[in-house]
Structures are given as C-alpha cells and as structure tokens.
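Chemist: Using the hints provided, position chain B relative to the given structure of chain A.
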Amino acid sequence: MHKGRRSRQAQRHWQQAAHMLGTIAPGIVWIVFFLVLPSAYLISVSFMTNGPYGLPQMPLTLQAFSQLLGFGFLGWSPGNLYTVLRSLWQTLIATGFVIALAYPVAYYISTQPAGRRPLMLLFVVVPSWTNQVIRAFGWMNLLAPDTPLSNLAGALGLVPDQMGLFPSNFAVVLGLTYNFLPFMVLPLYAAFEKMDPEIVEAARDLYATPVGVFRHAVLPQTLPGLMAGTVLVSIPAFGQYVIPQLLGGGKSMMLGNLVARQFAEASNWPLGAAGALIMILATLGGLLVLRRLGRRLGGGKEVVL
Amino acid sequence: MKRRRLQRGLRAFWYLVLFFLYAPLGIVVLFSFNSVNTYSRFAGFSLRWYESLIHNEAIVNAFYNSLTLAVVSSCIATVMGTVLGYGMYRYRHLKLGWLIWFIYLPIVMPDIVYGISEMSFFVSVHDATGLLNPGIGTMIIAHITFQVPFVALLAYSRLVQMDPMLFEATQDLYAKPWQRAWYFILPTLRSALISAFFLSFTLSIDDFVISFFTAGPSSTTLPIFIWSAIKKGVTPEINAISTLMIAAVFTAATISYAIQRARPARVES
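From first to last, the protein sequence lines are chains A and B.
Heads up: the first sequence is residues 1 to 305, going by our numbering.
Heads up: the second sequence is residues 1 to 269, going by our numbering.
FYI, nobody ran anything at the bench for these hints, they're computed from the structure.
Incorrect hints may appear among the rest.
[As the list claims (entries may be wrong)] Capping the alpha-carbon separation at 25 Å, the derived lysine to any residue pairs in SDA-like fashion look like this:
| id | chain 1 | residue 1 | chain 2 | residue 2 |
| --- | --- | --- | --- | --- |
| 1 | B | Lys231 | B | Glu57 |
| 2 | B | Lys176 | B | Ser191 |
| 3 | B | Lys95 | A | Leu293 |
| 4 | B | Lys176 | A | Trp14 |
| 5 | B | Lys232 | B | Ser52 |
| 6 | B | Lys95 | A | Leu206 |
| 7 | B | Lys95 | A | Ala18 |
| 8 | B | Lys176 | A | Gln9 |
| 9 | B | Lys232 | A | Asn141 |
| 10 | A | Lys194 | B | Arg3 |
| 11 | B | Lys95 | B | Leu166 |
| 12 | A | Lys194 | A | Leu206 |
Owing to the predicted nature of the structure, the values given are computational and were not obtained by experimental measurement.
Chain B extracted, bound-state conformation:
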C-alpha cells in the first residue's frame, strides 16, 4: 500500500522533471511558429520566420561555416583518435596509464579555460610567426583537440571487449600488418567508428564557447550567430533557426537509438 503510493509519487515526479527538461526547448519551438513578433502570447500559426531564414545571407553563411567545421574536424579526429585508441590497446601492457591524463584533460577542462588558453596561444603564435590566423582553421584545430579523446576512448573500449585470442590468431595465420588492419581491426571497430564520427559531429555543432574564442571575424558559426543575435535583441528568426537545430539533434538521437535497438543482442566476438 505504502509502496504503491511511493511509486505513484515517483512517477509524478518523473513527469515533472521531464516537463522541466523540455519546457525551454518547447517554448522556442512554439514561438518559431508564432505569426507575430512577441513573446508574451501566441497569436497564430505561421511559417514566415522560416521563409525569412532562407533569405538571410548571414544565417546561410553561418550554417555553411558550422557544417564545414563539423565535417572537417570530425573526419580528422575520427582517424587520429582511432589510431590513438588502437595504440593504447596494443601497448596497454606497458605502463602507459599516465597517458589517460592527456585524454581526460580536454574532456573535463571547463570550456572557458579551454577556449581562453587556445585563444591566447593562437594570438601569441600569430604575433610571433604570422601563422594560425584566427578563423575557420584555428577553430578546426581547437575542435579536433576535444574530439580526439572521445574517439580514442570509444575505439579503445571496443577493442578491449574483443577476445585477445583473435588478435593472436591473425598473427598465427601470418597476416601482414595491413591485412590485419583492413580485414580484422577496421571491421571490428566499424560500429564504434560510426558512432565516434557522429559523436564528434554533435560535439562540434553543439560547441559555443570554444568556437567563440577561437573564431575570426569571418568564421561565424550558427551558435555564434544566435549568441550575437540574442545580445543585440532577438528576432523571431532566432527561434526558427534554433528549432531547426533542436530538430537535427532529436533526429540524430532517434536514429542512433533505432540503430542500437536493431543491432542483435551484443555478439561477443
């Protein structure tokens, strides 16, 4: 009797927390369809803010910058992180535990410290040598740095799950290193690599602070554009572009959940 009351209370609490989590996103989505330019009431359904998005050159530009940044950095980080994760796995018997500090550092460092140190470093290097001019290039460098550890950890944890005897089997069968890499390691890692790429991509698209401090004048991304629009005084177009970004995240989450569901109960290879 008492137990059931506790369960009911918990369920009510759960729905309240869900409401708390989704209300701020919901309000942005709702007002992106508002037909008038106000935040206090919803006057009627309209798509006019979406229409004006397409004609706003600054937003389209920011969209392309975000996309370029995310695709380029994720590709490089996936390759570099996988190689690192593989190295950590192969030589895990050596006392390389201290390496994990370098890998944790980008993950846990507050992003403001991260952005500021890269910014001051880039500025100093630029003053001294003329290299590393703030812009999309420095942003790509900064993004790769926080993506690599996530990829390496994903690849490493997938390799550790694998039966080590399989690895020795490839040696017993005289597989050349490239054959081992191509026919054995890459297929083993395939699903881990796909999720690593998408994780890197999301991390890049979601990042604001690090991009903000390493950006140049012509490399505005969508989050930076939204930020400066909020600071200047909001137009309802911001609701529309935010809604599109929210929709993208939810689509990605749904797809990744569906893929996980579809995969048969994990086969221990």
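Next up, chain A with everything else stripped away, as it sits in the complex:
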C-alpha cells in the first residue's frame, strides 16, 4: 500500500471513525450482547421442542404456541388460553381505572400555580420509586382478613365473612392501578400544560354540556398524552409478575406468571418462551406507537419517560 501518499484528510477520517466506534460501540455492544442476543435466543427457544428436562431441543416446531392456545397431549384444555385472556382483560380494566384517576389529577395539577406543580408531581411519583414488592406487601396488609377494608366489604356482603379481599382478581386490578397511575399522570399533565384553555372556554361559552366540553375541547388536545400514557401503562401491566403473584392466588395468574412458571416448577422452556414472545411483540408495537407520537408531538424530539 502507498502509505506515504495517504493524505492527512484520510487520516483524520480514520481517526474520527475510530473515535465514533470508541464512544458508541461499548454501550451498544454491551446492550446487544447482554439483552438483544439473549432475547433472540429466547425467541428461538419458543420454536423448539420441549426436551425431557424442560430444556429446549431440536427439531423446530410450533408446539409451544399450540400449547399456549390450550392444545396439550391430553387434548384441549383452556387453562393457558384463559391466562392469556385474563391478562388482557385485567390490563384493560386497570388501564381504564388509571385513566379515570389520572385525568382529574393531571388537570388539577395543571391549574395550580407554576411553583407548586413540580412538588405535586413529585408527590404522585415518589411512591412508585419504592420497591414494588413492598408496595404489593402494603396492599396485602390493607386487604387482609379482619382489617377495616375487609370487614367493610364483608358487612356489605361483597365477600364472604371472615375472608379477606385478597387473593382475588379485584386485588390484582387494584394493585395494577396503583402501580401504574404515575405513568399516566405524567404524560397527561404534559398534555394539559400545552393545552389551549381558550378552546375550552369557547366550548363553555357555547353552552356545551360538561361531557361535550370534555369530548370536543379537552380530549382532542390531550389525546397524544393519553395515548402515550396508555402505552406506558398497559404494556408493563400486561407483563406484570409481582402483583398477580402476591395479590392474586392461583386463579388470578397472568401471562408473566405463566412464563416464569415454565422456567421454574413446570419446566417447559419453549412454552415459557412463546409467552415471552407475545410480550416482546406487544412491547415493540408499543414502541412504534411511542415513536410515531414523538415525531408528531415534539417535532423530532423523543418522548422520554
């Protein structure tokens, strides 16, 4: 090679490329090696056959997915399918509750003097910084038998006497709502902050009913925040592991528990991986929504949690 003829500019280009690799590569390579590669491996496991000790084997099949739909070697049983549907259902209800709680809260914060808002947001967020096991444990204490809440529910005939409110589907939905409320309040608050109050004012002056004001003046303006919040709440709620495990009994299992069980007691890695693949697909779908929202909202600025 004509080393001597290499121009200074080419050398600078080379240096710059090395600098770029040196700064970007370590972090990205780390994430690729310790997260992208493992997820790719997990996805490939979902297409393998279940071996004698639960470990994946060749040949490739769709066995795990048919098991997820309930087809086992003993014929069709709905257990797994119920778990998937229950996860969807509970996520849906909890997201609905979160929206109902977050809208008034986000609006109320946005009407307060600017100096107080950060502190109010902090009050909403701080509980979610504590460990989620401890938070679920707190609910276990509140909903246990012979506590004021359970006695009240018993007196109203909602639960049999002497029974607690947990474990139950109710407790799981409550726990999910509690856990993910801040994830909805923050994006909604951001939307309310940007909202043009004059449009709401105009709707009022035109004698719109409160429902009409909300539907035609508030909702369109806060829709991006609502959608971002829905993604941030529903995707992680769908894959929750701790809350159903602690607040729901065996009858309130969600997809995350089904997946985890296949890697522990039940020992069926391909089935667990198939369940995980569903969650990965849901996550990627949520990411796409967030990216598109980000582009539409912030003019190229990314939506960061």
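Modeler: Quick look at chain B alone, frame taken from chain A:
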C-alpha cells in the same frame, strides 16, 4: 360559582388520590412500630422489630449484597452510559436514529421477559463454557444493561441543550481532545452525571424481578429476601426493613428536590 365547585371537587379528589397512593406505604410503616405480632390492630409503640433486624444475619447479608450490587453497577453504568450519550451527541448528524431502538429496548421491555431472557442466556452460556455462574456477577451485568440507556439519555439531553458554538470554540482554541473532555465536557455534564448515578442507584435498589431471575443461591438482595419472607409467612421484621427502604427513597427524593430548587433558574450555557 360552578367553576369554584369544580375546583373544590378536584381538590377533594386530589387528596383522595394522595391517600390512595400513600396508604399501602403508611400501613407498612405503622405496623413496623407495632409492639405485638399482628396485622389487625395496633397495640402500642415499640422498636423491638428494628432491634431484631440488626441481629438477623440474613438481613444484614442481603443489605450488603444490595449495596454492592447497586454501587458497582451504577459506577460502571454511569461511565459507559456517559460515553455512549456523548457519542450519540457527537455523531447525531450521521443517520444513527436506529440506535435509539437499542436504547429504548431495555427501558420498555417488561422486566419478566428481560429477566427470563438473561437467565436462560446465562444458564446456556454457563452450561457451554462454565462462565457466567449465576450470582452477584450476573446480577451486576443485568443491572448495568438496564441502567446504561437511562444514563445515556440523560447525558445526551444535557449535551443537546448546550450551545454547539461552544464546542467549536474549544476546537478553535486548539484544545486537545483530553483537554476538551476534562475542562469542558465533564464540567458541562456534572449535574447530569450526578443525577444519572443516583437514578441508576435507585433503579438497582428498586429492582426485584430481574435480580430474582439472575441471582444465585448466595446473592440474595433485600427485595429478594422480603419476597421470600412474604412467601414463607411474614414476620414483623419485614415491616421494619421495608420501612427503612421506604425512608431511604423518601430521603433521596427530598435531597434531589432540594438540589433542583437550590439551582438558580437554568443558565443556558
């Protein structure tokens, strides 16, 4: 008139939601001071569960494991994430938008999928090569992976706020790369780096699921200890250790809020 009624209703709702948010934490704190071992009534104030904490070797051990894990992973992640964030900033004119996918992935992936994929990966690598034995080492690796993106995003967003002319000025003044890094970039990023470190630390201390699936038999952390205690049947000591962890989070939140308050209205550098 109608408006004021709406405001009053909203304020009442706000306090209700606050109560909803803090009641589960409050009950844990309250019963950690209970003098008898029951959950249905509060019999009297006592510190006996805190005393027995100190003498519980398993809890002290779990505490040290949590601390080691959080400190080591946060230090490594802060360095690696800052370098990554700086690279993303320097070469943002190149079409590197797809990189953001790698950065978002650890943030949004459900932690159960995250924990399971790392666990199955570590187990397979361990079976094949004998490396990556489940324990504090694999936990540190797993934690760094979810901390790096947060640090990188924090560093990146701080750098983007900066006036790009300043960066060119350092070049015009013939600053060597290390001088630029030491006298210009690091001071610019200082507050972002401090908050990145604390964020990583909190993420690590708060994590349960990922730790649970990548842990080995001897690397129990506090959340894992609390989890297995709940599964086995609770002792009031769990209330006490949970209260200490809640107190730590609230202290950190207060400090970070105070620092933000104390900083003069953001000076655009």
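Chemist: The structure should be examined with respect to each hint, and the outcome stated for every one.
Modeler: Going down the list of hints, with the structure as the test:
Our distance criterion of 25 Å between C-alpha atoms is met by Lys231 of chain B and Glu57 of chain B, whose separation comes to about 19 Å. Taken as a hint, the Lys176 of chain B and Ser191 of chain B pair is honoured in the structure, with Cα atoms around 24 Å apart against an allowance of 25 Å. Under the criterion of a C-alpha separation no larger than 25 Å, the hint pairing Lys95 of chain B with Leu293 of chain A is consistent with the structure, at around 20 Å. Between Lys176 of chain B and Trp14 of chain A the alpha-carbon distance is near 17 Å, which keeps this suggested pair within the 25 Å criterion.
Of the pairs offered as hints, the one joining Lys232 of chain B and Ser52 of chain B holds, with about 18 Å between alpha carbons and a cut-off of 25 Å not exceeded. Restraint check for Lys95 of chain B and Leu206 of chain A: not satisfied, since their Cα atoms lie roughly 49 Å apart, outside the 25 Å limit. For the proposed pair Lys95 of chain B and Ala18 of chain A, the alpha carbon gap of about 17 Å is at most 25 Å, so the pair holds. Proximity of Lys176 of chain B to Gln9 of chain A is assessed by CA-CA distance (about 18 Å); at most 25 Å being required, the pair is judged to hold.
For the hint linking Lys232 of chain B to Asn141 of chain A, the alpha-carbon distance of about 15 Å falls within 25 Å, and the restraint holds. Simply put, Lys194 of chain A and Arg3 of chain B have alpha-carbon atoms about 21 Å apart, close enough for the 25 Å limit, and the pair holds. Annotation: proposed proximity of Lys95 of chain B to Leu166 of chain B holds, straight-line Cα distance about 23 Å (limit 25 Å). The hinted pair formed by Lys194 of chain A and Leu206 of chain A meets the criterion: a straight-line CA distance of about 22 Å does not exceed 25 Å.
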